[in-house]
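Each protein sequence line maps, in turn, to chains A and B. Going by UniProt numbering, the residue at position 70 of the first sequence is 70; the numbering climbs one at a time, nothing skipped. Going by UniProt numbering, the residue at position 272 of the second sequence is 272; the numbering climbs one at a time, nothing skipped.
Do not rely on the hints blindly, as some may be mistaken.
Stated by the list, open to error - When the alpha-carbon atoms are kept at most 20 Å apart in a straight line, the in silico EDC-like pairs for lysine to aspartate or glutamate are as follows: (1) A:K60 to A:D84; (2) B:K258 to B:E54; (3) B:K329 to A:D84; (4) B:K377 to A:D84; (5) B:K329 to A:E44; (6) B:K328 to A:D84; (7) B:K258 to A:E50; (8) B:K328 to A:E44.
To be verified - Residues of chain A placed beyond 12 Å of chain B at every Cβ, according to the derived structure: (9) G37; (10) Y46; (11) R47; (12) G48; (13) A49; (14) T52; (15) I69; (16) I102; (17) G105.
These are computed hints drawn from the structure, not numbers from a lab. Source: prediction; values computed, not measured. Glycine residues also receive a C-beta, built at the ideal position from the N, C-alpha and C atoms.
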Amino acid sequence: MKFIIAIIKPFRLDEVREALTSLGVAGMTVTEVKGFGRQKGQTEIYRGAEYTTNMVPKLKLEIAVSDDIAPQVVETIQAAANTDSIGDGKIFVFDLAAATRIRTGETGDTAL
Amino acid sequence: MKPLHKIGAVVGTTALSVFTAAQAWAATAAPAAEVVEEAVTAVAEGPIKAPTAEQMAGMVDKGDTTWMLVSAVLVLMMSIPGLALFYGGLVRTKNMLSVLMQVLTIVSVAALVWVSWGYSLAFTSGSPYIGGLSKAFLAGVDGTTFAATFSNNVYIPELAFVVFQMTFACITPALIVGAFAERVKFTPLIIFTVLWLTLAYFPVAHMVWYWAGPDFLPDAPTDTGLLWGMGALDFAGGTVVHINAGIAGLVGCLVIGKRLGYRTENMPPHSLVMTMIGASLLWVGWFGFNAGSNLEANGVTAVAFINTFVATAAATVAWAVIEQIVHKKPSLLGAATGAVAGLVAITPASGLAAPMTSILLGFAASIVCFFFVTTVKNKLGYDDSLDVFGVHCVGGIIGAIGTGIVADPALGGQGFFDYTVFPAGVGEYDMAAQVITQIKAVGITILWSGLVSAVLFYALKFTIGLRPSEEVEQAGLDISEHGERAYNY
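Work out the full structure, taking the sequences as your base and the hints as a guide.
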């Protein structure tokens with residue numbers, strides 16, 4: 001099993017979710033996060049007082065999938081979240097040691 | 001038509017006895033037409049100084065009375081919730097309630113002070129600087145006494161005048177708190193409010209607005225406040241309210257000092273949505289403030305109304321355009337600030353200018369105020385948190401001096417009204433002399449209010465203290481001073 005963390009631009013969420021659903025991904029966790037990378041922060045001006053925010057708002061997606069579809073999931077997210085501009089985000093893949101469905105106690109791929 | 005100020009001349013004891021008779025007379029409808037005719041004849045003959053019941057009935061208009069009461073409600077709405085939300089949205093979340101509570105309390109305290117001694121000090125005859133205490137605690141003021149307007153032989157119920165002016169006394173000290181928002185102790189602020197009203201607001205209101213009234217001035221041409229006597233024009237309170245509060249705010253923020261973290265940490269407004277709601281309520285309420293200041297519902301009222309509308313629209317557009325040019329983005333806060341700057345600037349000129357010159361005044365206010373709040377404030381480094389000085393004092397000065405220009409009948413203005421003759425008529429207008437008079441009035445107001453404010457702020461600073469501890473300021477005034485939070489999600 002693989003655990004995939006993707007940092008994406010907030011407005012791409014719907015596209016990514018739809019693409020993953022059609023691929024058979026059964027669930028994901030989404031969190032609003034802030035961070036920085038190559039993309040610069042934004043400048044806010046309030047009556048001439050300038051505030052530069054270094055942290056840019058993003059969404060963090062956490063998805064657990066079976067080994068066989070993991071490469072497709074990564075490809076799909078990459079395609080759906082892509083806007084060809086700096087700040088489109090990153091995808092990280094981890095090995096996942098175990099998974100348990102709390103209601104039934106099922107483990108492994110069947111728990112995903 | 002009639003410009004300047006509000007009155008003091010009140011048909012006192014005569015009216016009291018007269019009113020009883022009026023009730024008796026009202027029971028029989030038949031003589032009504034006769035009586036009105038009599039009153040009309042009387043108007044033509046000269047000022048009525050001791051009206052009979054029949055005459056008085058023709059001298060008070062239900063439309064005027066209604067408009068004054070509605071205007072009073074509109075002006076109250078400017079302070080709560082208008083100003084409270086406008087200011088509240090601009091501070092950080094942790095100080096939201098402190099601003100709302102300061103405004104709400106100041107309005108309430110000012111109302112009590114006004115009926116206790118404020119009305120009497122501002123609107124009774126005394127010296128050119130301040131009135132007397134003959135109407136303290138509203139002594140002798142009731143439903144049967146009347147206050148003069150700007151027309152010969154036209155009166156409104158005195159209590160309607162008292163309550164309309166009360167709303168001005170309520171909002172003016174509330175304007176000041178924006179200058180040192182997020183860093184002032186509550187109790188000293190309320191003490192300051194009572195003292196500042198007494199020593200700065202009431203004297204300035206008396207100096208600018210007190211006069212004997214159109215029917216009594218010809219006999220007592222010197223029975224006026226200092227600035228009224230000089231011929232200074234201030235239709236709705238540019239000097240009394242905005243310059244007065246603006247300079248007090250500047251002095252306050254200098255004496256109290258900068259906020260912790262000023263210029264080193266980000267202090268963005270916590271809710272520009274609230275600021276937008278507040279600014280809009282201010283604009284709507286301002287029709288009561290400016291058009292209500294005519295004290296009657298007539299053509300000049302409509303002039304003040306439309307001028308208030310178009311000057312504000314012009315200032316809003318101007319600020320947005322300036323930001324588009326300077327920052328490449330027009331901001332909501334900028335447009336809302338422009339609206340308030342325009343409202344402030346048109347206030348003294350509202351019933352005196354023409355719509356087209358009002359628009360120019362609105363443009364001028366935004367240009368100058370923008371320069372002050374973005375450039376001058378940053379250069380000088382004072383922390384006027386919500387730009388009370390940059391918008392209200394500077395905008396007020398633009399308006400006060402501009403009034404001398406736009407009031408000129410040659411530019412479509414209403415001119416200057418000579419009340420020393422009966423019936424009152426438009427006097428000869430000298431723009432240059434009027435502008436100089438306006439500048440003098442601005443200078444006297446700034447000096448008076450600035451000095452009183454400095455003395456009061458320093459006295460409080462060195463006795464009970466004005467500023468909370470660093471720990472309290474860091475935690476926010478809401479939780480430390482008031483024991484509650486604005487938002488509990």
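Hints and how they fare:
no., hint, result
1, A:K60 to A:D84, "holds (19 Å)"
2, B:K258 to B:E54, "violated (62 Å)"
3, B:K329 to A:D84, "violated (25 Å)"
4, B:K377 to A:D84, "violated (42 Å)"
5, B:K329 to A:E44, "holds (10 Å)"
6, B:K328 to A:D84, "violated (25 Å)"
7, B:K258 to A:E50, "holds (17 Å)"
8, B:K328 to A:E44, "holds (12 Å)"
9, G37, "holds (21 Å)"
10, Y46, "violated (6 Å)"
11, R47, "violated (5 Å)"
12, G48, "violated (3 Å)"
13, A49, "violated (7 Å)"
14, T52, "violated (8 Å)"
15, I69, "holds (38 Å)"
16, I102, "holds (27 Å)"
17, G105, "holds (35 Å)"
In this structure, the hints that do not hold are numbers 2, 3, 4, 6, 10, 11, 12, 13, 14, in rising order.
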